[in-house]
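Turn these sequences into a full structure, and let the hints steer you where they fit.
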Amino acid sequence: MSSDPVVSVDDVTVEFDTSSSLFDYFTGSAETVRAVDGVSLDIEENDVVALIGESGCGKSTLGKTAIGAQRPTKGSISYRGQDIWDARDGKGDVSIPFNEIRRSLQIIHQDPGSALNPNQRVLTSLMLPLKKWESDLSYEERESRIHTLLEHVGMSPAEDFVNRFPHQLSGGEQQRVVLVRSLLMNPDLVLADEAISALDVSLRVEMMDMMLELQDVFDTSYLFISHDLSNARYIAEKADGRIAVMYLGQIVEVGPVDQIIENPQHPYTQVLKWATPDLYADPQEEVPVREVDIPDPTNPPEACRFHTRCPEAREVCADVDPEMYEAETAHYSRCFRTDETHDYWESEPLYDAVTAEDQP
Amino acid sequence: MSIETEDAPRGRGDEPIDRGDPIVEIRDLEVSFDLSRGQSKVVRNVDMDLYRHETLGVVGESGSGKSMLAMSMLDAVVEPGRVSGEVTYYPRDGEPISVLDLGPDELRKFRWEEVAMVFQGAMSSFNPVTSIRTHFKETLQDHDYDVKAGMERAENILEELYLDPDRVMDAYSHELSGGMKQRALIALSLVLEPEVLVLDEPTAALDLLMQRSIVSLLRNIQEEFDLTMLFITHDLPLLTKLADRMAVMYAFDFVEVAGTQDILYNASHPYTRALLGTTPDLETDVEDIRKIEGSKPDPVQHISGCSYHPRCPLADEQCSATEPDLFDVGEHHRASCFYPEAAQEKIVIRNQPTDRGGVDE
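Protein chains in written order, with numbering that gives the first Met the number 0: chain A, 0 to 359; chain B, 0 to 360.
These aren't lab readings, by the way, just hints derived from the structure by calculation. Small disclaimer: the values here were computed from a predicted structure and weren't measured. Hints may be right or wrong, so weigh each one.
Claimed, not checked - Dumping the calculated DSS-like pairs for lysine-lysine here, alpha-carbon to alpha-carbon at most 27 Å:
hint : chain 1 : residue 1 : chain 2 : residue 2
1    : A       : K237      : B       : K290
2    : A       : K272      : B       : K290
3    : A       : K237      : B       : K40
4    : A       : K73       : A       : K131
5    : A       : K131      : A       : K90
6    : B       : K295      : B       : K40
Given below as structure tokens:
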């Protein structure tokens with residue numbers, strides 16, 4: 000096994016044109032959305048990275064780019080050292096064929112109901128990928144592999160479930176079938192894109208536990224996308240993984256779970272922490288952002304992207320785009336406040352608006 | 000494990016509620032659907048009081064019957080659903096109204112002017128080819144309200160919800176983000192000055208940050224407009240930041256009803272306690288967050304005895320034979336369990352703050 004990361008995202012930018020009509024094309028009013036802007040992220044063997052952020056921050060786009068389902072506008076993605084899109088285009092010396100890369104990088108979507116073909120029984124849905132990729136297996140071998148896995152995720156007896164249609168399964172069972180389908184390929188990385196958000200609260204913990212259990216069996220890494228910091232923390236902490244926080248196309252903070260939770264550096268991470276439900280915490284009344292709505296992603300703020308909402312913003316934040324500063328080992332934050340000697344501390348506060356914290 | 004409420008962090012539920020002044024009274028409510036495999040009872044003999052100016056939170060998992068409960072408050076259960084029982088509405092002055100007996104015209108007036116409802120899918124609540132302004136105007140016109148005064152009020156409410164009235168009014172629903180749409184919908188529901196606002200999972204499709212923001216805004220709005228709110232959700236932590244009282248629904252009926260602080264610190268039903276213990280947060284040791292064993296009940300197959308007994312660690316013969324009533328287990332605190340003390344003692348909620356101070360073995 001090489002020492003290269005399973006997936007390495009290097010300075011990747013993904014842009015979409017919003018032009019939806021010919022009219023836009025001729026008048027040149029088409030706008031470009033930079034969904035992902037210069038992101039680098041390595042996912043190692045048996046790694047769990049939880050990617051969190053608000054809707055529209057580009058986390059799904061980054062996830063899809065990381066598994067080679069979305070071609071980046073700039074930058075490169077490599078799988079065990081092999082550039083995915085070079086493999087796809089047959090450029091240069093391809094050491095790992097694109098097909099094998101695609102098979103090794105799988106995805107679970109948010110809505111299991113629409114990820115399964117409503118007209119196919121569970122068995123048929125699960126057979127298809129095996130038929131395509133492991134065509135030397137006999138029908139019985141394929142079937143027994145599916146049964147074993149279904150029983151493993153608690154769908155027991157498997158004979159009862161394989162002949163059902165998706166609508167005859169509960170939401171939790173559907174999501175398990177989708178998980179089984181992705182793991183049948185023995186993937187190196189599974190992108191779980193809000194995979195538990197549609198489940199009932201009481202099922203979420205169970206589903207995350209199951210994912211982690213299967214990680215031990217299959218040596219899979221997860222890129223777990225969520226808007227919920229408490230779920231991200233649960234799965235990443237149990238797997239000794241990392242949390243990456245995304246805001247308007249950029250990763251603004253990344254680090255080991257305990258450091259992100261105990262010592263969040265970026266004001267945005269602190270805001271997300273505020274928004275995370277805690278049954279027994281004192282409710283802090285005031286919303287700690289100056290604007291509750293996320294800015295228009297076609298026209299993101301200059302310099303630090305969070306400065307329009309940030310309760311700590313100073314003049315320098317509107318002029319200079321901060322770089323990633325290292326707070327602790329392997330813990331980085333894209334905020335001047337992490338650098339104790341930065342000019343930020345001499346800069347004037349950008350707004351007079353008082354936040355709850357500043358109030359006497 | 001008894002906890003002095005004085006030391007506990009105070010959330011909602013610490014203000015006295017005038018229990019002598021209900022605004023909506025539900026008695027013996029039942030909602031059922033006839034399916035090919037049998038009758039499906041999605042609300043079973045529910046009694047509920049909603050007191051004036053309180054926020055009552057109904058929490059339950061999907062399929063527990065909570066949305067149907069809300070729908071029946073407005074007599075809005077769709078065919079072929081059947082509703083029986085009594086829903087009585089007490090206006091500020093005048094005679095009590097029996098909601099389930101209202102004719103179509105009376106019902107139309109009742110629905111927006113007395114009780115308004117905000118649904119989960121704000122996306123589908125607006126007509127995509129009509130501007131937001133038109134929605135407000137038509138609502139006012141249909142109910143014979145003064146449009147000019149009404150629009151001014153609407154703009155104020157929008158500002159209250161951190162929205163720019165000029166921008167929002169001229170927009171079509173696809174031009175607004177999910178959070179903006181949901182807030183515009185809340186504003187629309189308030190434009191006819193209802194007494195009661197029923198919110199059914201109003202934040203479920205939104206980011207956590209927007210959810211928390213909307214909850215804070217709702218609290219301001221409730222005070223400003225003297226509203227009574229019924230907030231329905233599966234999200235227990237969110238509810239505790241908003242509700243004065245909470246009603247926990249399991250298998251189509253309430254299993255525990257109490258003030259929010261009592262639910263948090265003295266929950267007496269095993270299901271409530273399991274729900275509290277399965278909620279991930281940022282503080283609790285990940286090993287202490289537990290899943291709830293078993294699967295949720297089927298509305299067609301009636302479970303004999305206590306509906307939770309197949310999943311309950313404390314269940315015995317009595318639980319599988321006899322259905323428990325909602326017993327009084329404390330002041331204004333009721334739970335449908337034969338063993339409330341045992342539940343408190345044996346089902347430990349590890350994220351409760353008392354455990355945090357001590358050394359974990």
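Kindly indicate which numbered hints from before are broken by the structure, ordering the numbers from low to high. Numbers 3, 4 - these are the hints that the structure violates, sorted from lowest upward.
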